[in-house]
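Okay, so the sequence shown: first residue is 1333 according to the working numbering, each after it adds one.
The reader is advised that the hints may include incorrect statements.
Unchecked claim - Think about it this way: if two alpha-carbon atoms lie no more than 25 Å apart in a straight line, the pair counts; the simulated DMTMM-like pairs of lysine to aspartate or glutamate are: (1) K1353 x D1461; (2) K1415 x E1379; (3) K1366 x D1343; (4) K1415 x D1462; (5) K1366 x D1414; (6) K1366 x E1379; (7) K1345 x D1356; (8) K1449 x D1462; (9) K1449 x D1410; (10) K1449 x E1434; (11) K1449 x D1343; (12) K1395 x E1458; (13) K1395 x D1414; (14) K1345 x D1465; (15) K1366 x E1458; (16) K1415 x E1445; (17) K1345 x E1458; (18) K1415 x E1385; (19) K1415 x E1369; (20) K1395 x E1460; (21) K1345 x D1462; (22) K1395 x D1461; (23) K1415 x D1461; (24) K1345 x E1357; (25) K1449 x E1385; (26) K1395 x E1344; (27) K1395 x D1343; (28) K1395 x E1411; (29) K1353 x D1343; (30) K1353 x D1462.
Said to hold, decoys possible - Label pairs and their computed distance ranges (CB to CB): (31) D1343 x K1395: 36 to 42 Å; (32) N1432 x Q1368: 28 to 34 Å; (33) R1382 x R1402: 24 to 30 Å; (34) P1378 x R1418: 31 to 37 Å; (35) A1352 x S1441: 31 to 37 Å.
Because the hints were derived from the structure by calculation, they are not lab data.
Since the model is a prediction, treat every value here as computed from it, not as a measurement.
No residue lacks a Cβ here, since even glycine has one placed at the ideal position from N, Cα and C.
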Amino acid sequence: MFLGTHTPRLDEKGRLILPAKFRDELAGGVVVTKGQERCLYVFPTPEFQRIAEQLRAQPMTHKAARAYSRVFFASAHDEVPDKQGRVTIPAHLRDYAALNRELVVIGASTRVEIWDKVAWETYLAESEDDFADIEEGVLPGGL
């Protein structure tokens, strides 16, 4: 499970050093793709394969599943982190998430998310007020 908030930097070659506590689980390979709210999702390869199976199980006649699959798979980039735990973020994904040098990398249970630092701070400021109100709908019965 991926937990926590980290603040690495993107280097001049578009590489990110993965947080040390995530490296073991991601060492076998990752898939980076577009996420919601203009962040990037980083999945361990087995988790990406599990999601791919779920999407493949949807009928071809399901318009929303087709649309989601197209963007999800077309934007995906797979690689194995190097010995320093670095992964390259392709230019099209850096552009999509408007990534600058300063990043925020968060653990989001089964995936890692990469955010531009300013975008994350804005998202957090806008969503924190709703956090308590959302709980009941997401976790029936509460914590």
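If you draw a straight line from the CA of K1395 to the CA of D1414, is it 25 Å or shorter? Given pair K1395, D1414 is violated - Cα atoms ~38 Å apart, limit 25 Å.
For a C-alpha distance cap of 25 Å, please report whether K1353 and D1343 respect it. At roughly 20 Å apart (the allowed maximum being 25 Å), D1343 and K1353 satisfy the hint.
Is the straight-line distance between the alpha-carbon of K1449 and that of E1385 25 Å or less? 32 Å, violated
What's the verdict on K1415 and E1385, does the C-alpha distance respect the 25 Å limit or exceed it? Status violated; Cα separation ~30 Å.
Checking one constraint from the list: CA of K1353 to CA of D1461, max 25 Å. Satisfied? 29 Å, violated
Can the restraint linking K1345 and D1356 be considered satisfied, given a maximum Cα separation of 25 Å? 23 Å, holds
Between K1415 and D1461, does the CA-CA distance stay at or below 25 Å? Violated, at about 40 Å.
Agreement of K1415 and E1379 with the hint, judged by alpha carbon distance not exceeding 25 Å: Measuring from Cα to Cα gives roughly 22 Å; hence the hint holds.
If you draw a straight line from the CA of K1395 to the CA of E1411, is it 25 Å or shorter? At roughly 30 Å apart (the allowed maximum being 25 Å), E1411 and K1395 break the hint.
Going straight from one Cα to the other, do K1415 and E1445 come out at no more than 25 Å? 21 Å, holds
With a cut-off of 25 Å on the C-alpha distance, tell me whether K1415 and E1369 pass. 31 Å, violated
Between the beta carbons of N1432 and Q1368, is the distance compatible with 28 to 34 Å? 20 Å, violated
Violation of the numbered hints given earlier is confined to hints 1, 4, 12, 13, 14, 17, 18, 19, 20, 21, 22, 23, 25, 26, 27, 28, 30, 32, 33, 34, 35; the remaining hints are satisfied by the structure.
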